[in-house]
Amino acid sequence: MHAIEKIMAHHAGLETVKSGQIVTAKVDFAEINDLYLQTIYSFKEMGGTRVWDNTKCAFVFDHFAPTPDVQSAQNHKEMRAFAKANHFKHHFDVDSGVCHQVMPEAGLVYPGMLLIATDSHTTTHGAFGAMGTGVGATDMATILLTGELWLRVPEVIAVRLNGTAPLGVAPKDVILTVLGTLHADGAVYQAIDFIGDYVDHLGVAGRMTICNMAVEAGAKTAYMQPNQAVLDYVAAHGVVDYHVETTDPDFQYAQTLTFDVSQMQPVIAFPGHVDDVRPVAAGTGVKVDQGYIGSCTGGRLADLEIAAKIVAGRHIPEYKRLLVVPASQAVLQAGIQAGYIQTLMAAGATVTAPGCGACLGVHQGILASGETCISSTNRNFPGRMGAVDADIYLASPATVAASIIAGQIMDPRAAILEAIK
Amino acid sequence: MKQTVVGPAFVLGDNIDTDQIFPGHYLALVDPQAIAQHCLAGIDPQIAGHFPSGGIIVAGRNFGCGSSREHAAIALQGMGAGAIIAESFARIFYRNAINLGLPLLVCPPLHGAIVAHETVQLDLLSGIVKTAEHTWQGEQLSGIAVDILQAGGIKPLMRQRLHQGVSG
Ligand code: SF4
Chain H
1 MHAIEKIMAH HAGLETVKSG QIVTAKVDFA EINDLYLQTI YSFKEMGGTR
51 VWDNTKCAFV FDHFAPTPDV QSAQNHKEMR AFAKANHFKH HFDVDSGVCH
101 QVMPEAGLVY PGMLLIATDS HTTTHGAFGA MGTGVGATDM ATILLTGELW
151 LRVPEVIAVR LNGTAPLGVA PKDVILTVLG TLHADGAVYQ AIDFIGDYVD
201 HLGVAGRMTI CNMAVEAGAK TAYMQPNQAV LDYVAAHGVV DYHVETTDPD
251 FQYAQTLTFD VSQMQPVIAF PGHVDDVRPV AAGTGVKVDQ GYIGSCTGGR
301 LADLEIAAKI VAGRHIPEYK RLLVVPASQA VLQAGIQAGY IQTLMAAGAT
351 VTAPGCGACL GVHQGILASG ETCISSTNRN FPGRMGAVDA DIYLASPATV
401 AASIIAGQIM DPRAAILEAI K
Chain D
1 MKQTVVGPAF VLGDNIDTDQ IFPGHYLALV DPQAIAQHCL AGIDPQIAGH
51 FPSGGIIVAG RNFGCGSSRE HAAIALQGMG AGAIIAESFA RIFYRNAINL
101 GLPLLVCPPL HGAIVAHETV QLDLLSGIVK TAEHTWQGEQ LSGIAVDILQ
151 AGGIKPLMRQ RLHQGVSG
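Sequence lines, in order, name chains H and D. Going by this note's numbering, the first sequence wraps up at 421, each residue one higher than the last. Going by this note's numbering, the second sequence wraps up at 168, each residue one higher than the last.
Source of the hints: derived by calculation from the structure; they are not laboratory data. These figures come from a predicted structure and were not determined experimentally. Backbone N, C-alpha and C define an ideal beta-carbon position, used for all residues, glycine too. Not one of these hints is a red herring.
Covered stretches of chain D, as calculated for chain H (at least 3 residues, CB under 8 angstroms): (1) 25-35; (2) 59-73.
Not the full set, but computed from the structure, chain H residues with beta-carbon under 7 angstroms of chain D: (3) Q71; (4) G136; (5) D139; (6) R384.
Throw the hints in and build the complete structure from the sequences for me.
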């Protein structure tokens, strides 16, 4: 069996499972973000009064952090009331950050767990050897009622990443390159297991970036076998009790795709399609109005660090803007401590509250019609960050930083060489 | 659950994502009627006001990809969509729609084969899709999906179970 199958079997109380089988699994943690007030409504419509276990669910206020309008303020108010009435052990209000960053920081994510959240990017937690998957509001309501969810055991495909990344090739470039081959529907209903020596040596932040975007190929979940960096991370965040699952050596993947990371280069996804991935050079000369560094994909400390190093001592051109949205309060604080935030601000960056910010086009940096943004986020669908005819290019934080300084899309390698000199 | 759904076709392409179905800008809305008014606004804000009642959406691959927002399924249902046929669906969208009692059918590529406004008929138990001229065999729904649709959605189903003192 695959490690993911073992996690599912364990949570369903079964010895074995196989792909295609439908199981009813006990959920270790249910996390609900602030787009999902409907969860409470559905819960009540089902006849629910008390949640099944108030130590195993939490609200994270991230998409509207802090609230941009009266309607979202009302939604937060109702969610707070529900959390209070149910005596939730954990609650993450508008001071926290993006759910996928906040959860591991709070020590609520660990190898072998089954984490369900009302967010498609819950695949992120495969980085920790957990099974994380997203559901909608009403599915979540059934979990709050029963602590269980029906799931289909997915086929598992392997994405083998071999070799060492050359200069300027960030985990974001790696996953964009994979998506360019796999395409936006290349893994629908399936799980992606990222394997290979690149993954074995990858730090937690890079692992999270890659697993985060597995859903852009339609994957139900992602997985990476935990390495020492993961075990150290969870220990540092107070997790003691967990079980690491491992894939049996004779496990047959539905498909294996192999990539040589050492041959990769910095890439961008062209507007409208996350899988329209080309070398950064293909976009050279495209003028950008806004650079965006943030989100559950590209708003962690390592992302702020490389951006700060690139912009240090420079300034973005007049009439342009660079938005920096730390993924969490902890990332912001660490970024201040390390001086990255000050460097970015000195270069003309606008730092906004930790959370989702403009990643989903709700507030704090929305694009006007005809504008172009280069972004370290994960989606460039038409209208994702504002006007339907605004263009979003997806890139690594380094490419975003180098491009906004240049005022146009720019390969980051020269700037990185300069920065590390 | 009505076993047969009949309505005029409303044709869309591949990879219709949930930002196009329901832009993030409106996500704070909770009233289904208000949500429905912005359905498909990411493609054209005029669609919701002119969508034919009971219209059957005929789409390509990976319908509903992207965000897990249930608003997308609520909007389509509220706008009056009778069912959605596509070559494939993104999994969270699929669950959301079935949970709400909005029928979905996975069918071989219909691109170009069904034109806008043409009457489409689908049989939810057999998976058969018909127009005046053609018949296609779509995938049969899983037992769980049929149970949920039969109950009129997962909320009534859970209410029944809670009533019977059964969990899960
Ligand atoms: S940062 Fe963006 S992608 Fe991540 S959870 Fe928030 S809105 Fe979604």
